[in-house]
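> Sequence:
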Amino acid sequence: MIADRLKQYYVDISAILAIDSWNTIKEISQGVQELREDSTVQKMHEKAEERQKFLQWMNPVSCTEKHATCHGQRNPGTGRWIFHTDEYKTWNTSDCAFLWLDGLPGHGKTILASSIIDEIQGSSEAEPQTLGYFYCNFRDDRTTSAAAVLRSLIVQLLQQSQDDWITKIGEQQSSNTKGNLDSLRNLWQQKCDAKTHPTDLKFLRKLLVEASTLVHRPVLVIDALDECKDYPDLARHLVNLSEDAHLRLFVTGRSEADIQDAFNDLPTMSLKDSAGQMKEDIHVHITEQLKNQKRLSRLPDVLQKTTLEKLLEKADGMFRWVQCQLDVIMTCKRPDSIRNALDDLPAGLYETYDRIIRSIEERGKDDGPIVQRCLLFLAGAFTPLTLEQLNEAMMIEIGRLSLNEDLGVMDTMDIVFACGSLVTYNEKTRVVALSHYSVKEYLISRPNKILKSISDMHARICELLITYVLCDFIDEICAKGKHPLIDRSDFDFANGSKDHPLLSYVIRGWKHLRHVSDEDPCVMDVLSRLNSEFLRNTKKHRVLAAAEYWQSWPEGRRRLYAVDTLPLPSLLFIPLVHGKPWMVESLVKQHPDLLDVDIAPGLGSPLIFAIAKRPDCLSILLKSGVDFNKLASFVPYLYGRHISGGSHALISWATVIGNEVAMDFLLSQTGPNIPDDILHMAVMASKPSHTFISKFRQRGADVNFIINGTTPIHYVLSFYSDWSSCQLLPILKALVEPSCNLSLQDRTARTVLHIALDGRWSGAPPSQRVAEAGVFRRFE
1 MIADRLKQYY
11 VDISAILAID
21 SWNTIKEISQ
31 GVQELREDST
41 VQKMHEKAEE
51 RQKFLQWMNP
61 VSCTEKHATC
71 HGQRNPGTGR
81 WIFHTDEYKT
91 WNTSDCAFLW
101 LDGLPGHGKT
111 ILASSIIDEI
121 QGSSEAEPQT
131 LGYFYCNFRD
141 DRTTSAAAVL
151 RSLIVQLLQQ
161 SQDDWITKIG
171 EQQSSNTKGN
181 LDSLRNLWQQ
191 KCDAKTHPTD
201 LKFLRKLLVE
211 ASTLVHRPVL
221 VIDALDECKD
231 YPDLARHLVN
241 LSEDAHLRLF
251 VTGRSEADIQ
261 DAFNDLPTMS
271 LKDSAGQMKE
281 DIHVHITEQL
291 KNQKRLSRLP
301 DVLQKTTLEK
311 LLEKADGMFR
321 WVQCQLDVIM
331 TCKRPDSIRN
341 ALDDLPAGLY
351 ETYDRIIRSI
361 EERGKDDGPI
371 VQRCLLFLAG
381 AFTPLTLEQL
391 NEAMMIEIGR
401 LSLNEDLGVM
411 DTMDIVFACG
421 SLVTYNEKTR
431 VVALSHYSVK
441 EYLISRPNKI
451 LKSISDMHAR
461 ICELLITYVL
471 CDFIDEICAK
481 GKHPLIDRSD
491 FDFANGSKDH
501 PLLSYVIRGW
511 KHLRHVSDED
521 PCVMDVLSRL
531 NSEFLRNTKK
541 HRVLAAAEYW
551 QSWPEGRRRL
561 YAVDTLPLPS
571 LLFIPLVHGK
581 PWMVESLVKQ
591 HPDLLDVDIA
601 PGLGSPLIFA
611 IAKRPDCLSI
621 LLKSGVDFNK
631 LASFVPYLYG
641 RHISGGSHAL
651 ISWATVIGNE
661 VAMDFLLSQT
671 GPNIPDDILH
681 MAVMASKPSH
691 TFISKFRQRG
701 ADVNFIINGT
711 TPIHYVLSFY
721 SDWSSCQLLP
731 ILKALVEPSC
741 NLSLQDRTAR
751 TVLHIALDGR
761 WSGAPPSQRV
771 AEAGVFRRFE
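For the sequence shown, the UniProt record's numbering begins at 1 and goes up steadily by one.
Honestly, the hints are just simulated from the structure, not real lab data. As the structure is a prediction and not an experimental result, all values here were calculated from the model. Fair warning: there could be bad hints in the mix.
Here are the simulated DMTMM-like cross-link-like pairs (lysine to aspartate or glutamate), alpha carbons at most 20 angstroms apart as the crow flies [stated by the list, open to error]:
hint: 1; residue 1: K89; residue 2: D273
hint: 2; residue 1: K279; residue 2: E243
hint: 3; residue 1: K428; residue 2: D193
hint: 4; residue 1: K333; residue 2: D343
hint: 5; residue 1: K229; residue 2: E256
hint: 6; residue 1: K539; residue 2: D475
hint: 7; residue 1: K279; residue 2: D233
hint: 8; residue 1: K229; residue 2: D200
hint: 9; residue 1: K695; residue 2: D746
hint: 10; residue 1: K511; residue 2: D316
hint: 11; residue 1: K53; residue 2: D193
hint: 12; residue 1: K687; residue 2: D182
hint: 13; residue 1: K272; residue 2: D233
hint: 14; residue 1: K206; residue 2: E227
hint: 15; residue 1: K206; residue 2: D230
hint: 16; residue 1: K272; residue 2: E87
hint: 17; residue 1: K53; residue 2: D140
hint: 18; residue 1: K206; residue 2: D233
hint: 19; residue 1: K452; residue 2: E351
hint: 20; residue 1: K314; residue 2: D273
hint: 21; residue 1: K314; residue 2: D354
hint: 22; residue 1: K191; residue 2: D230
hint: 23; residue 1: K272; residue 2: D230
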């Protein structure tokens, strides 16, 4: 009986223990699963963060705000006709197609582009599309470079990719094998090597092709191609892109000669062939304005009808022209004045602008100076300017050491009212801009009191900005050590300082100097006064002269310095970094001792900087009696180069940079010696040149010179194995011929022939291996 009861207890206890064990195991399993999930989430978070940092490093420009503005300007129902044209239908139903929309200034190309972007974004097609778009915008210098266009489109595609491309390029990197993301892998390595974002258009085009393979049905829209400063180069790189990247590409732009030549054999749609549809859209636009604009809506019905008919008759497809005439009508105070204006409409945009400028001059002594100063800055500024910045710009008076507040306006909106149809104003951002690209073209090309030439425009702006820097209140800001560009990494370009909003633009306005092509005496005078001021006030010099340079330093390094202890840049810094050669020459004549002074900590001497960044200034700096063999100390990574050693000869630096002009000049001199490591420097260049190598070998450079157990040829075979034969063979031949000791072993005890035949070369086609091995076998 007791034994039976114990057996029953045993069974019950075993069951209880089993349940308890199962619960424990379940809890442990759940805990392990949660840890795995947490680890997976953490890894995903880290990868997303890594991806975001990479895309930010690409320095893209967002056009979402510009698109929102264009969307808001479009009248409901207008622009829809384009979707029913045969050209658009053909383009839209293809997976791989190109279409160029060509039109004259003011014909609404940008608004049509925004309509197409909205249509694609709102598409309900079963198969998803991936849209990337870019608005080239003359008002914002960041959007007018071909490299910025391509970089931004690449980033948009990569952002939308559902593919884990980071893992893919990591696998290619670790296995050192070629794949379909080679350019993206190289780009990732550039970022890891702390190099700057890419600017080479050929490389960026390859990246765009690769990025397009990572998304579904890519579609790209580029607006206002002609507003890009280097649009001929961009147009050339867009030809055949749709086929190579298997995408749809829609481009708008004027019919400039270079664009016509590039797109000559490609599908084109001209707005001049759509006059009827354009007229209908203009009819809608005028009707909407007559209905919704307060002053226009009060006009008698008969006068509204006359306005509609007269403007439609003369519009010739120009929305911009129509809007300018409506703006004029809104200023009229009597019906008779409106009828007179409608009976005497100007022909085209330029005549319209002539009349606007003339009417401003006739208004009185206030509006003329306000508009002149405003248009000067808006036509020449590299970034958008706010109403407050423009008002402070009005207060600058040449020769005065303080702002003249009497020259500013009491109500900043008076600036907008004075300029009328020539500018637009965004109430949300408070940014004022020229209303159309044609306004800038008019100001530059038409004789007027505001601008004589592009060079003169930048000269006048330089004179005003430097006068601003010389003001006493700038001394006070620098004395307190509170310059926003130094103290804040999140500095807001538009807001700047509360008391002095223009300061944020002035600090980065040195680049205007690069556009003053003529030797302007006023600019020379103000630069001379600036140098005198910097010699007098070293604190001002520290804070202002190289603010952007300090901002480019790693944050950890910047924190090592208080404003008081920031290293002092050279007086040559501003002219050499931002100016024209004649400015550099003028300063060197006055202060020849500056040739021996580093232009800024880490950047080295003026010659080192000129070899890397300003080859146009080399002749000025080299003719002044330089010791060509003197080693220069600088930090190569500040120039995006990673080479060992802290001191290098000028010719070595020219070789690494790939500056053939500087190298040939130095070789032509009797003074310079050829450094022992020159061939190592030649093969470590970002783009090794067989021409450089041959020239050095002709002058006795030692191809067998060993650094860290490696000869130049060992280095080439080890680090450029992913190059094609046509790229690599000329460099190998230049190194091998003549007298190359091919039996020398590297630090892994391999000869060059071993490296050529094994390891990374084993995956190469037999013909490639034979060709490369043949280079060496001829000398065994």
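> Each hint needs a verdict: does it hold in this structure or not?
Against the structure, the hints come out as follows:
no., hint, verdict
1, K89 <-> D273, "holds (16 angstroms)"
2, K279 <-> E243, "violated (35 angstroms)"
3, K428 <-> D193, "violated (40 angstroms)"
4, K333 <-> D343, "holds (16 angstroms)"
5, K229 <-> E256, "holds (13 angstroms)"
6, K539 <-> D475, "holds (8 angstroms)"
7, K279 <-> D233, "violated (34 angstroms)"
8, K229 <-> D200, "holds (15 angstroms)"
9, K695 <-> D746, "violated (25 angstroms)"
10, K511 <-> D316, "violated (40 angstroms)"
11, K53 <-> D193, "holds (14 angstroms)"
12, K687 <-> D182, "holds (17 angstroms)"
13, K272 <-> D233, "violated (26 angstroms)"
14, K206 <-> E227, "violated (23 angstroms)"
15, K206 <-> D230, "holds (19 angstroms)"
16, K272 <-> E87, "holds (14 angstroms)"
17, K53 <-> D140, "violated (24 angstroms)"
18, K206 <-> D233, "holds (15 angstroms)"
19, K452 <-> E351, "holds (18 angstroms)"
20, K314 <-> D273, "holds (17 angstroms)"
21, K314 <-> D354, "holds (18 angstroms)"
22, K191 <-> D230, "violated (25 angstroms)"
23, K272 <-> D230, "violated (26 angstroms)"
Of the numbered hints listed earlier, those contradicted by the structure are 2, 3, 7, 9, 10, 13, 14, 17, 22, 23.
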